[in-house]
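In case you want the letters, here they are:
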Amino acid sequence: MLIYLGRRLNLLLITLLILCIASYILAFLFPGDPLTNLSGTPSPSDDQAQQLRLMYALDEGALAGFWQYLKLTLVGEWGLSLSSQNPIFDDICQFLPASIELSLYAMFVSLLVGIPLGIIAGLNHRRISDMGILSVSLVGFSLPVFWLALLLILIFALQWGGLPMSGRVSLLYDIPHQTGFILLDIIMSNVANKQQVLLDALNHLILPTLSLSIVTSSLVIRLTRRSVINVMASDYIKAAFAKGLSRPQVFWRHGMKNALLPIMPQLAMQFTVLLTNAMIVEVIFSWPGIGEWLIQAIYQRDFPAIRGGMLAVSALVVIVTISVDLLIRMIYPLSKKQIHAQV
Amino acid sequence: MINRTYLGLMLSCTLSIGCQDINDAQVKQQGLIYCSEGSPVTFNPQLDISGTTADATAHQLYNGLLDFDPDSSKVIPALADSWLVSEDGLTYTFQLRKDVQFQQTHYFIPSRTFNADDVLFSINRWRQPNHPYHKISGGIYPYFESLGLQDIVAEVNKLNGYRVEIKLNRPDSSFLATLATDFAVILSAEYAEQLMQAGTPELLDSQPIGTGPFKFDKFKKNNFIRYQRHENYWQGHVQQQQLIFDITPTSSMRLAKLITGECDVIAFPAQTELRIVDERQDLVLEEKPGLNVGFWAFNTTKAPFNDARVRRAMAMAIDRKALLDAVYSDSAVSSKGLLPPTSWAFDENQREVHYNPVAARQLLDEAGIARGFRMNIWAMPVQRAYNPNATKMAELIQSYLDKVGIRADIVSYEWATFRRLLKQGMHDTVLIGWSADNGDPDNFYRPLLSCSAIASGTNRANWCMQEYDALIDEALRFTEEEKRLHYYRQANELLVEEMPLLPIAHAYRFQAYREGISGMQINPFGGIRFGQARKESK
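Protein sequences appear in the order of chains F and U. Here the first sequence is numbered in my numbering, starting from 95 and rising by one per residue. Here the second sequence is numbered in my numbering, starting from 3 and rising by one per residue.
A hint or two may mislead.
Stated by the list, open to error - Lysine to aspartate or glutamate pairs mimicking EDC-like chemistry, simulated, CA-CA at most 20 Å apart:
1. U:K338 with U:E499
2. U:K222 with F:D268
3. U:K338 with U:E495
4. U:K223 with F:D329
5. U:K394 with U:E368
6. U:K220 with F:D127
7. U:K160 with U:E192
8. U:K220 with F:D184
9. F:K288 with F:D268
10. U:K304 with U:D321
11. U:K160 with U:D119
12. U:K223 with F:D268
13. U:K290 with U:D309
14. U:K222 with F:D184
What the hints assert, rightly or not - Derived DEER-like restraints, expressed as beta-carbon distance ranges:
15. U:E233 with F:L244: 41 to 47 Å
16. U:K76 with F:Q179: 50 to 56 Å
17. F:N287 with U:K137: 46 to 52 Å
18. F:W254 with U:D332: 27 to 33 Å
Said to hold, decoys possible - Output of the computed footprint for chain F on chain U, the stretches with three or more beta carbons under 8 Å from beta carbons of chain F:
19. 219–230
20. 259–269
21. 416–427
Please keep in mind that the hints were generated in silico from the structure rather than gathered at the bench. All values reported here derive from a predicted model rather than from experimental measurement. Heads up, the beta-carbon is just placed ideally off N, CA and C, and yes, glycines get one too.
Chain F extracted, bound-state conformation (with noise of 0.2 Å):
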């Protein structure tokens, strides 16, 4: 187990390096001068330009001011902002929380809706009950998540009316921002009525969790009833079954952790999916998150919050990716033969 966790580890330590040096290059490919795409400063005067060569160490050679790049990438100095001047780390500290909770409720709905489903759908292998399931899943994956959020907003919001489908929450509450979860926020804060707020922040989380969710509830089902039809169809289950169990109690008591456990790792995956989908149906329903804040900074040729963006988003996709593999190889004791690591 020692040697598992040291080979992610690693795994961990080399992607994030490499994605520092994507980075770092990356402020020498956009256009413009390298120091203004790594520090954020616009056109720096002499005096400025000076000091901030020897902070980021541009004249000792790649090697070196790589080193400082990582040093100063480490402590949360990120730089600042070309449009807006803002530290970009504190930016970021602030909008990708708002993505990660949108793709946590959305990721939650999609298990709570996909897991049983997938269930169903297993379990009556062939049966009309699992061709609808199949079908509609079908028509929810191939569905494009940014049409999907444009119609639930046509259907929802503008035609029959009550959903809101921008923002948060009401910008009539002033909600101070704490940890950037919009919902622990609101209970944080003293604002009055605070039932009111919350129940106005969930009615804003409704049509972007929808639009998320339905994709991923669509793998999700596709997953479960395939991983419940291998194993309803193995030797144990007929066994179980040959004992004279009936067909509740061979599902519950053999089938239902079988046919978990092994498609738990590519369930967390949808995370990662989640996330990137995210940021598109941010920018459709003026979510302040992470995709809003780059897609903003793309328009904006703000180029060291690309940089920054980039490397927050997809640091975040392999930390979460890596630590969902680790815990499942905790908990499923089957996967610890597999020593080497895989992506």
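Please arrange chain U on chain F, whose structure you already have, making use of the hints.
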């Protein structure tokens, strides 16, 4: 622990949805959300000429010495109670209002009420290049500089705590109107001094203090501006607890948010969206003629357009009513002259040319213009309120001209090139327009047709007539409206004879909001104002 509170809250949420609607309605009534089109550049309108900045700041945070009455567009008192103009029109004395409170925020607590020092500070800041605050935030005051006001104002004196005297170098009866524009706001001298001592003078323009109905709370660029009610506003109680600018650059997005109720009022509904707003029961579309004019200008430096008969004939060959129907789709009024009906100097009985193709042809014959004469019409490539579709209008004019035997070609360039070539006088005729930034009639007569406006590039007819210039100069020497009107009437008469340009329409300004909002009045020029706005539950 948090988890348990959270669960409890969720539970009580679901249980008490019924009574929450009432509660929610109350809170929502206390705030108004305006979906605006962009972020302001600064929170001091002295520093920027754009409408976005003026909308966000001028009437929310500040007051000027004077103001415009939105109905008659006359100058009315604001922070100045009353004023006197000397016989020679050179000295203006303002009696200031007493007990006007500045806003109190977490960054500034005023120790005194508004007085003459604030007026001196606010005017001297843009006027005197050596003023300690002149260079702060860039040192450029575009509106005052475009009028050359720093040269017109000779001195600003404090007579006593509530009396200020402004001396001019030459008479300028549009001076009062200038002081009533969005840009001539009054800042707090005490706050400026405090900031200067703290070594952060630049905060004056980003953390503003004024006397207006709302005080600044928070601003997040490209996201929102939050204003809170100014509790001691001198014009009386402000209804809304909060005013929020939700910055939404896309016009369709603003409309969608208006429909879902996320905005109470939206900025600039697009021409194509007006019908949607109009058709919905829960939305209100208000319209009002704006202070603008769309016109067809003849380049009077080119033959045969240097002949007034030709210009009049062209004007008579066009049915303006048809143009109005086709291009403005009921969102404009037909022009009688340069001035829109909202201006106080508008003359109801003004003479105008009427559609008469037969008389037009006769005039052309008199002037020696043969059938088959070729000319061009320049149509501006962009949409403006005063002319939403210049190309379409040019096509209609083309067909009208064809009926009197004139063949017109339509010319258009990319906007920047278009204006550059226009300034060089390459055109025969051009379809373009003008939007005024203050309520004074001089703001139409002078920039559009005076001799000096040829150089600054706003006189599209390149028309210069000493007689006309003398008339509008003379009008500025008087402050009584009746006397000025006398000269403007003569100028109008001259324009109908000379016809350097044919005024076509004055376009409406639109405002869309949700039902239940009241106290929103369209300002024919200048920024939106929310001081009187009310929101009622349905």
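Between F:N287 and U:K137, does the beta-carbon spacing fit 46 to 52 Å? Holds: the Cβ-Cβ distance is about 47 Å, inside 46 to 52 Å.
Do the alpha carbons of U:K160 and U:E192 lie within 20 Å of each other, as the hint requires? holds (16 Å)
Proposed proximity, U:D119 with U:K160 (alpha carbon, max 20 Å): Cα-Cα ~7 Å, so holds.
U:K76 versus F:Q179 beta-carbon gap, inside 50 to 56 Å or not: violated (44 Å)
Holds or violated: U:K290 with U:D309, Cα cutoff 20 Å? It is violated: about 37 Å lies between the C-alpha atoms, which goes past 20 Å.
Apply the coverage criterion to the stretch 416–427 of chain U and chain F: a residue qualifies when its Cβ sits closer than 8 Å to a Cβ of the chain, and three qualifying residues are needed. As far as the stretch 416–427 of chain U goes, the hint is violated, because 0 residues have Cβ atoms under 8 Å from chain F.
Regarding the pair U:K220 and F:D127, is the alpha-carbon distance no greater than 20 Å? violated (34 Å)
Verify the proposed pairing of U:K222 with F:D184, using a straight-line Cα cut of 20 Å. Judged against 20 Å, a Cα distance of about 14 Å means the pair holds.
Return holds or violated for the Cβ distance of U:E233 and F:L244 against the range 41 to 47 Å. holds (43 Å)
Holds or violated: U:K338 and U:E495, Cα atoms, limit 20 Å. holds (11 Å)
Is F:K288 within 20 Å of F:D268, Cα to Cα? holds (12 Å)
Within a Cα-Cα threshold of 20 Å, do U:K223 and F:D329 meet the stated pairing? The hint is violated at about 63 Å.
Of the numbered hints stated above, those contradicted by the structure are hints 4, 5, 6, 10, 13, 16, 21, listed in ascending order.
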